[in-house]
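**Student:** Each chain is listed here by its residues.
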Amino acid sequence: MARVVEAPTRAGLRWRVWRGGRYQQERLLSALFLLPALLFLLVTSVYPLLYSLVLSFYTWNMSIPNSRPVFLGIGNYTGLVKNPQFLNSIQVTFLFVAVSICIEFVLGMALALLITSRLRLIGLLRTALLVPIMMTPVVAGVLWRSLFHSTYGVVNWAIGLVGLPPQEWLGSASQALGAVIAVEIWQQLPVVIFILAAGISALPVEIFDAARVDGATGWQAFRYVTLPLLKPVIVVALLLRVMDAFKIFDVIFTLTQGGPGGATEVLSMLIYKTGLKFFQIGQATAMSWVFLVFILVISLLFIRQLERQEER
Amino acid sequence: MATSREPDKISRREALRLIGLGGAAALLAATTGPALAAGRRAAPVLQEKPYAGLTMRMLSQGGSDYEPGLKQYALEFEDKTGAKIEFDWAPWESLMPKVQADIASGKPQFDMFTNDIEFQYTIYPNLLPINDFIKNANYDMSGFFAPVAKYGEGIGGQPGVRYGLPIIVGVSVIFYRKDLIPTFPTTWADYEQAMAANTGNGKYGLAFAGVPAQLVKLFLARYWSQGDPLFTPDWKPLINSEKGVKALSMLKDEMTKYSPPGILAWDNPDAANAFLNGDVAIQEGWGSFILPSLQDPSKSKVVDKWAIAGYPENGTGNFVQHNMVIFKTAQNPQAAFDYIAYCTGPDNAKRNLTEFKMVAARKTPWTDPDVVAQQPYLPDLAAVLDRGKPFSPNVPQWLELFIGLAEQLSAAMAGKAEVKQALDNAAEKWTETIQQAPLSFPYTE
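Listed in order, the protein sequences are those of chains A and B. Our numbering applies: residue 4 is where the first sequence begins, and numbers increase by one. Our numbering applies: residue 8 is where the second sequence begins, and numbers increase by one.
Next comes chain A alone, as it looks inside the complex (with noise of 0.2 Å):
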């Protein structure tokens, strides 16, 4: 009579392994593989960042000859909250962020539908659309800078030509801010696009199709059925894009260096100058680790909100 054999379980293979002591030796085999790299990390990544986080705990000014850091306890930090300038970047940061996200996405979201649309030409339009994105950011802001000229750019020239008075642009505090979010939106909308459009072009047809078996119009197809599928795709280009912008920094120091009167200082650039400028380590460090908890937090936002659509 043959003998019935059961299949094992993954359980049974489990308890044979560790039996055998493969199991142990295939763990400790995969812990030698990754000590190189995990010590590269802890060398490169995790010491410095733990040292700028005792820093920020104490004043220290590396121009002063001979000084060294004196704990301050959390007098950093306290000093921040009074201190105008960083106040100023904070809201400049966030001010810039907001705007040139929700304009990216609203015109990025746009242009996806057309570039994955069959129009004619539309080839042409996809390699105009990475031409941004190819420069280096000091590139456009250098370019810019001068198209921005109040007296000899060519933005002025061309309102000009449609009866428009030239405008201060990057010499105006009130308009500063406006010029270097329409270059930053400029450079990254192409980003924005082409994740959306990668989204859309992998929606399944037949849905569509449906849809408009069902009467459903252009606005209710896309506001129903495009939108509500293209979810992950949108919370992810939000979340790079947004993660991006905080960091700003090379467009705005080539085209205002912050200026004029701090209108266009964010805190990146705050920092830079407080650091490696002024060399006042532990203000620096200080700004440095509530910037790291600003971006930690919207990003943990955007990764729950992933993560609840994973689940549905």
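Take these hints with a grain of salt, some might be off.
Interface residues of chain A toward chain B, partial, derived using beta-carbon atoms under 10 Å [what the hints assert, rightly or not]: (1) Pro169; (2) Glu171; (3) Leu173; (4) Phe294.
No lab work stands behind these hints, which were simulated from the structure alone. Every residue gets a Cβ at the ideal spot worked out from N, C-alpha and C, and that includes glycine.
Starting from the known structure of chain A, fit chain B onto it as the hints suggest.
**Tutor:** Showing chain B alone in chain A's frame:
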């Protein structure tokens, strides 16, 4: 039966032996010849080139006036002495972090550094005093502009101690259209009238670089013309006094009434271009950005129509000097001094001015008839340079004081702060910064 080989045939062993001998001879000839030749050359090299085999490194500002000159002098120096100079050219913005990081590393890679004298206020503990080198080499210190000597020593409260040799100088100066303003005004009131008379129909009376860092020199000229220093002798700021408010209000008023719109985004080249295009009657700024182009018809619409003047009412231009300094950790301090002395000494002073078009720190060639024939504006510029004063808080945190003032000036000019409030903020920042490391020596200008 023939058992022995024929006498004219060579055995394989002999053939191999011959080939080996021939090869060895060829190898010997190939290596010995050049070595002997080198040896013949080597003996005179050792005697004529005292620093043969030495490679020194210098950190300096890329795109500066003196970059071509220093490179050429390095080649000549290597030819004379055997010492090679390697350069690291970096943007001005990154020089301080770079030099600080190099010092903090514990194994500095640079032997020399060239840039604004203000850098010495911060890094002087790592620099070699060169007083003895100057004395031993009989280096001529007499031919420099007056402010060079006056403000080039005594850093860190050490009277008479010198760390660097000056290569270029600069001063904020006024360029004006002599066809529009035949006699340059001597009072601020007349100066503003001249601006007003030349504003209208798309033309403007005044242009300047309006980015924050460039506003300081404009403010200083108007402030210093009223006679007050920046600090009291015990380091209390005076910039927010009535005179400070008057100076900044004057500047803001002139910008609003007589300058092109958007000027707060203009940097030095933008202001220079406006003057070269004939769009403004007066430009206040650094000479190095405009002088090379003023008489070039391909770049200038104001050829032969311009002149140089100092600020009215004894207003003092902001004087700057770039010095060549030696680090304490230099491999061969004497060789380093010999190089910087070669670049800045009397023998190359005329070349600095004429061949490399630097605003050279030595005054002596400025009055040379041949030089003046080529650059007739030199005597006027020299007069302004002699009156110049540096932004001279001789403290390690000088950059923080400078930028602290610049930002508040920008805030006031942009309308983001009232003039008095902006200057009060700057004074508060200065007090806070100085108190981080109180100084034992009094403030002097």
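**Student:** Please go over all the hints and tell whether each is borne out by the structure.
**Tutor:** Hints versus structure:
no., hint, verdict
1, Pro169, "holds, 7 Å"
2, Glu171, "holds, 4 Å"
3, Leu173, "holds, 4 Å"
4, Phe294, "violated, 19 Å"
In summary, the structure is inconsistent with hint 4 from the numbered list given earlier, while agreeing with all the others.
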